[in-house]
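A.B. asks: As they're listed, the protein sequences go chains A and B. The first sequence lines up with residues 0 to 327 when you count with numbering that gives the first Met the number 0. The second sequence lines up with residues 0 to 327 when you count with numbering that gives the first Met the number 0.
Do not rely on the hints blindly, as some may be mistaken.
A pair holds if it fits inside one copy or across any two, identical chains being indistinguishable in the list.
Below, computed lysine-lysine pairings styled on DSBU-like, alpha-carbon distance capped at 30 Å [what the hints assert, rightly or not]:
id, residue 1, residue 2
1, 33, 161
2, 227, 170
3, 69, 227
4, 33, 203
5, 42, 161
6, 304, 42
7, 35, 65
8, 50, 69
9, 227, 304
10, 170, 35
11, 170, 65
12, 35, 50
13, 170, 33
14, 65, 33
15, 42, 227
16, 35, 203
17, 170, 42
18, 161, 35
19, 227, 264
20, 264, 42
21, 264, 35
For the record, the hints were derived by calculation from the structure and aren't laboratory data.
Number of protein chains: 2
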Amino acid sequence: MRDDKKQVNGSYGDIIGEDIARVEQYIRSNLVSKQKILESALKELVEAGGKRLRPALVLLSGKFGKYQAKKLIPMAAAIEILHTATLVHDDIIDEAKTRRGMPTVQTRWGKDIAVFTGDFLFTKAFLLLTSSTAFENLQRLSRVIKAICEGEVEQYQYRYDKNVTVRQYLKRIGRKTALLFALSCFIGAHESGCSRDAIRSLGKFGFNFGMAFQITDDLLDFTGDPAKTGKPVGRDFVQGVYTLPLIYTLNSPDFRDETAILLDKQGYEPADVDRIVELVHLSGGIDYSRRLASRYLKRAITCIKTLPPNPARTALEDLVKGLMDRNH
Amino acid sequence: MRDDKKQVNGSYGDIIGEDIARVEQYIRSNLVSKQKILESALKELVEAGGKRLRPALVLLSGKFGKYQAKKLIPMAAAIEILHTATLVHDDIIDEAKTRRGMPTVQTRWGKDIAVFTGDFLFTKAFLLLTSSTAFENLQRLSRVIKAICEGEVEQYQYRYDKNVTVRQYLKRIGRKTALLFALSCFIGAHESGCSRDAIRSLGKFGFNFGMAFQITDDLLDFTGDPAKTGKPVGRDFVQGVYTLPLIYTLNSPDFRDETAILLDKQGYEPADVDRIVELVHLSGGIDYSRRLASRYLKRAITCIKTLPPNPARTALEDLVKGLMDRNH
C-alpha cells in the first residue's frame with residue numbers, strides 16, 4: 000500500500016517551501032466541481048494532504064537547471080493529482096477504511112463515488128499536464144501510469160501467493176511506486192533544461208528513492224504504530240498482499256511452515272496476526288528489508304553525487320537521510 | 000446504464016465502413032499489455048465490441064469538411080477507448096454481470112482488475128488524443144469527462160430517490176451520455192475544418208441523438224428481451240437507478256402509490272419486478288418516453304437540415320431512423 004504522511008522527515012522548506020505552498024494552492028483551485036458530493040470528496044482529499052513528496056521532487060530537480068516556478072508548479076500539481084487518483088482507486092481495491100488517518104472517499108461516500116472521483120482526478124491531471132509539459136513527457140507519463148496499472152494488477156494476481164519471490168516483489172513496487180518518483184525527478188529536470196546526464200542521474204535518484212520509500216512503507220505493516228500510521232498492523236497480509244518482510248520469512252526454511260499454515264487459515268484471530276508479525280521479526284524479515292531499503296537509499300545518494308553540490312542536492316540528500324533515520 | 004450493441008440499425012457501412020474497420024484495427028493495436036491478465040481483459044473488451052457509434056459520429060462529421068482519415072482515425076479510436084473506460088468503471092458500480100452479452104471485466108477478473116483496466120484505458124485514450132487533436136479539443140474533452148463523472152455521481156446520489164424529476168433525469172443523461180456524442184461530432188467536424196455553423200450544428204445533432212439514444216437504452220430495462228439485451232428486465236430500478244419511464248409513473252397520481260410501495264420493499268420478488276414493469280406500461284411511462292425520444296430525434300434531424308445533402312448527412316439521418324424504428 001502507499002502512503003506519504005509523516006513518512007519522510009527531510010526538510011525542503013527553505014529552498015522550495017514557498018513553491019510547494021503554491022502547488023498546494025494550485026491543486027486546491029483546480030479540484031472543484033459544481034456537483035456537491037464530488038466537491039466534498041475532492042475537498043477532503045486535498046485537505047487530507049500528504050507530504051507532497053512528488054511535487055517536491057519535481058521542484059528540487061528543476062533547481063539543477065533553469066528553474067521556472069511558473070512552468071513547474073502546474074506540472075508538480077498534476078503529478079500529485081495523478082498520484083491521488085491512483086490512491087483513491089487503490090483504496091477501492093484495498094477496501095481501506097482510512098488513509099492518512101482520515102476516512103477514505105469510499106468509506107465516506109461509497110465505492111461508486113470513489114471510482115468517479117478517481118476518474119475525475121485522472122482527467123484533471125492529464126489536462127494540466129497537457130498544457131504544461133512537452134509531448135514526449137506526456138508519453139513517458141502515460142507509460143508510467145500504464146506501469147502503475149500493471150503493477151496493481153500484478154499485486155492482485157499474486158495475492159495469497161506464498162511463492163511470490165523477492166524479485167517479483169521488487170518489480171511490482173518499481174511499477175507501482177518508484178517509476179512515478181523517477182518520472183517526477185525526470186520531468187522537473189527535463190523541463191528545466193538540465194543536461195542529459197543530470198536528467199538521467201535525477202531520474203535514477205528518484206527510482207532508487209522510490210524503491211526505498213515503498214519498502215519502508217511496507218515495513219510499517221509490521222512495525223508501525225496503528226495510532227500513527229492510521230492503519231492496523233498486518234492489514235496488507237490479511238488482505239493477501241505479501242510484502243518484502245513476509246516474503247523473506249516465507250523463504251526462510253526455519254519459519255516457512257508455521258507462517259504458511261497461519262496464512263492459510265480461514266479468518267485470522269488477532270493472535271494469528273500477532274504471531275505472523277512475530278515470525279517475520281524472528282526470521283530476520285524486518286532487518287533484511289531495512290538493509291535492502293538502505294541499499295536503495297545509498298544508491299540514490301550515489302546517483303546525484305556527480306551533480307553540483309547546491310542547496311537542492313542537500314535537500315534531496317536530506318530526504319534520503321530522513322527515510323534512512325526511519326529505518327533505524 | 001449504457002450500451003450500444005444492436006441499439007442502432009442505421010447503416011453507415013458504405014461511406015465510412017472501411018475507416019471504421021481501421022479504427023477497430025487501431026484500437027486493437029493500441030490495447031496491449033505485457034501483463035497477462037490486463038492483456039486478456041483488454042482483448043475481451045475489444046472483442047466484445049459494440050457498434051462503434053462514437054467513432055462513426057467522428058468520421059461522418061468529418062465528411063462535412065476536408066476529410067482526413069489519417070487524422071480522424073486515432074481520434075475516433077481514442078473516443079471509443081475513453082467510452083470503454085467509462086463502461087468498465089460503470090460496471091463496477093452496477094456490479095453488472097454481463098455487458099453486451101459477455102461477462103464483464105469485473106465478473107471475470109474481479110473489481111480490482113476492472114478499476115485498473117479502466118484507468119489503463121483512460122490513459123491510453125488521453126495519450127492518443129494528445130497526439131491527435133488540438134489543445135482546445137482536449138480541454139473540451141476534459142470538460143466532458145468531468146461531466147460524465149458528475150453525471151455518474153449524480154445518478155448514485157439520486158439512487159432510490161422516488162422524487163427525482165424528469166428535469167434531473169434529463170440533466171443526468173445529458174452529462175452521462177449525450178455530451179460525449181456531441182463532442183464526437185464536434186471534434187470530427189472541427190478537425191476537418193468545417194465552418195463554425197457546421198461544427199455547431201453537428202455538435203447539436205450529436206447531443207440530441209445522444210439524448211434519444213440514452214432514453215431508448217433506458218426503455219430497454221422495461222421493454223427489452225433479456226435474451227437480446229443480455230441483462231434482466233428491471234435491473235436498473237432494482238439497483239435504485241430510476242429512469243424516465245419509471246419517473247413518469249412515479250409522477251402519475253393514479254400509479255404513484257402502488258409503485259412507491261413496491262419500490263420500498265426490501266428485496267424484490269420476481270412478481271414485484273414484473274408488477275413494477277406492468278405499472279410503468281399502464282401509466283403510460285413507456286409511451287411518454289418513446290415520444291420524448293422521438294422529439295430528440297426530430298430535433299437531431301432539424302440540426303443538420305441546413306448542412307449540404309451529402310452521403311454523410313444521409314448516413315446520420317439513417318442512424319436517427321434506425322433508432323426511431325426501435326422505438327415503434
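A.B. asks: Reference check for the pair residue 69 and residue 227, CA-CA at most 30 Å: within, between, both, or neither?
C.D. replies: neither (35 Å within a copy, 55 Å between copies)
A.B. asks: Taking 30 Å as the upper bound on the Cα-Cα distance, should residue 42 and residue 227 be classified as within, between, both, or neither?
C.D. replies: within (23 Å within a copy, 43 Å between copies)
A.B. asks: How do residue 170 and residue 65 come out at 30 Å by Cα distance, when the copy is not named: within, between, both, or neither?
C.D. replies: neither (34 Å within a copy, 48 Å between copies)
A.B. asks: Reference check for the pair residue 170 and residue 33, CA-CA at most 30 Å: within, between, both, or neither?
C.D. replies: This pair counts as between: shortest inter-copy Cα distance 13 Å, intra-copy 41 Å.
A.B. asks: One pair to classify: residue 227 and residue 170, alpha carbons no more than 30 Å apart. Within, between, both, or neither?
C.D. replies: within (28 Å within a copy, 44 Å between copies)
A.B. asks: Is it within a copy, between copies, both, or neither that the alpha carbon of residue 33 lies no farther than 30 Å from that of residue 203?
C.D. replies: For residue 33 and residue 203, the Cα distance is within 30 Å only across copies (23 Å; inside one copy 41 Å).
A.B. asks: Should residue 264 paired with residue 42 be assigned to within, between, both, or neither, using CA atoms and 30 Å as the limit?
C.D. replies: neither (40 Å within a copy, 36 Å between copies)
A.B. asks: How do residue 170 and residue 35 come out at 30 Å by Cα distance, when the copy is not named: within, between, both, or neither?
C.D. replies: Cα proximity of residue 170 and residue 35: across copies only (15 Å, versus 40 Å in one copy).
A.B. asks: When Cα atoms must be at most 30 Å apart, do residue 227 and residue 264 count as within-copy, between-copy, both, or neither?
C.D. replies: within (29 Å within a copy, 44 Å between copies)
A.B. asks: Please sort residue 35 with residue 50 into within, between, both or neither, judging by C-alpha distance up to 30 Å.
C.D. replies: So residue 35 and residue 50 pass the 30 Å test inside one copy only (27 Å; across, 34 Å).
A.B. asks: I want to check one pair: residue 35 and residue 65. Are their C-alpha atoms no more than 30 Å apart within a copy, between two copies, both, or neither?
C.D. replies: neither (41 Å within a copy, 42 Å between copies)
A.B. asks: If the cutoff is 30 Å on CA atoms, where do residue 65 and residue 33 land: within, between, both or neither? Let me know, please.
C.D. replies: neither (38 Å within a copy, 38 Å between copies)
Hints 3, 6, 7, 9, 11, 14, 20, counting from the list given before, are not met by this structure.
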